Amino acid sequence: MSLGPYATFIVTSYLAVFVVVVLMIGWIVMDYRRQRRRLNALESEGITRRSTRATTEKT
Amino acid sequence: MTLIDLANPTRFLTFTARLLPWLMAATAILLAVGLYQSAMAPDDYQQGATVKIMFIHVPNAWLSMFVWGVMSLAALGTLVWRHPLADVAAKAAAPIGAAFTFLALVTGSLWGRPMWGTYWEWDARLTSVLILFLMYLGLIALWRAVEDPSRAARAAAVLTLVGAINLPIIKFSVDWWNTLHQPASVMRMGGPTLDRAFLMPLLVMAIAFSFLFITLHLAAMRNEILRRRVRAMQMVQVQAGKPRA
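Same order as they appear, the protein sequences are chains A and B.
Mapped onto our numbering, the consecutive letters of the first sequence carry residue numbers 160 to 218.
Mapped onto our numbering, the consecutive letters of the second sequence carry residue numbers 305 to 549.
Don't read these hints as lab results, they were simulated from the structure.
Derived list of chain B stretches under chain A, where covered just means 3 residues or more per stretch with a C-beta under 8 Å from a C-beta of chain A: (1) 359-373; (2) 408-421; (3) 529-535.
The structure displayed is predicted, hence computed values, not measured ones.
Beta carbons are placed, not taken as given, at the ideal position from N, Cα and C, and that holds for glycine.
This is chain B alone, in the form it adopts within the complex (with noise of 0.2 Å):
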């Protein structure tokens, strides 16, 4: 199966239900392997065990910003290739980044508190990231109030093209203004900057955190075209003069 084929919602569907349990295992398999490890590292001789919280802001962290990335991607496709599965691999990632963007903002005040002694403070990273989980929201509001898909689709890839403008200004705005948010220790010119001992659990979370972004990815655009086929055959049905089920 080529990748042209995927265009295809129907070898779409059947390349995904051969997929899923397969993801759904390695995601298991890493998210267990990545909390053994988290459980198991020392305290940080700053952070004490509060470097804990790390494994998992930053991997969430990190996924907020490339969900949103993943839609532009999804945009361009529908605004200039018009991709049958843009909008629906653009849809059934907003909730999800969305999630992810909400966990970055939790597991970062929860770390702030004891760190900082503030669960909230108004500087730029801590803003700029507010201010994703607020376009998330706006975007899945857009999409739920527009009936039919192809009209939303365009204003929704618009949308989503513009807030990508947030993205750099979230990855440098530790560098750009002066933030009480730590400047960047792994994704940094020079390498990571973390002990091994924090950099592995970090990792092994990023990559099972990637993993479970795929799965539940792939499992909603399989709802989504779903979601598509019963209003399809719904407007089939009213035209046919049928009462709708």
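Extracted from the complex, chain A is given alone in its bound form (with noise of 0.2 Å):
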């Protein structure tokens, strides 16, 4: 496979695609275990939301 003189181009589009999916993949991957860990935290405080606790009560 041959890309002739605008190679650069050519390359230089395919990196950025790549480059900008894999940032969007590890941004999203990293913001849910910071958000799990987050949780987690507040729960193993004993911290619970209103709408659990409303559920526990009736039940």
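Assemble the dimeric complex from its two separately framed chains, guided by the hints.
Rendered as structure tokens:
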């Protein structure tokens, strides 16, 4: 596969897409871990949401 | 599980946990097939090998508008039906839409330099897409500026619906004005003008990027639901007089 005289433009385009997509995936994964960690820390302190408490109190 | 069941964030999280691995696998397979077809596509008689940039530029450009369309539907959900997940969906989609728009602009510029002789031209299509990108950034800034999600939701929904006016302007800019950007060659009356050798990799890449969006969007929605739960619990913690975690 020869990319001809404009290979730099083609490779840079695909690299840009690759980098941005990887950054997006990384950001979403890191954010998920951060929210899970914060949620677990709050739950371990015995904090519950109002909706959870209301459900528990009803039952 | 019916569609209405998904209105409950807890059920939505269960549904997302089950669906995400399948979506990730489908996206990876589609991207692999699309990239292979793009690599194997012949050179265009005018563009040469730079036609390969089209296989990533066009899907990103389509998605830049499609994501705003999704956000506009979500905005209606916030304003009209007050759907509990509508603002979550819109807020989660905005950074992904901004990324696709950014990539459409960058790959378009990298194609424009060898083909048009310039990276940028203030023509109607390029300028309207740049405005779309700035609108995405404005919306993200708005959500970040207002701490209470329910207060930010309505303002963001109104701004999203006003911004939707830009979508037909982007789509028809090449017909309404004399632009350097070429007119539509796939989504047009009378069918695509592209040869099958270019149309197939383009469509596979478009489907692959659409799956990528759905996967990232569901994952980002899941994160947003968790963030709002953390916020609600922190408020309970503050009211109980305990120090914030």
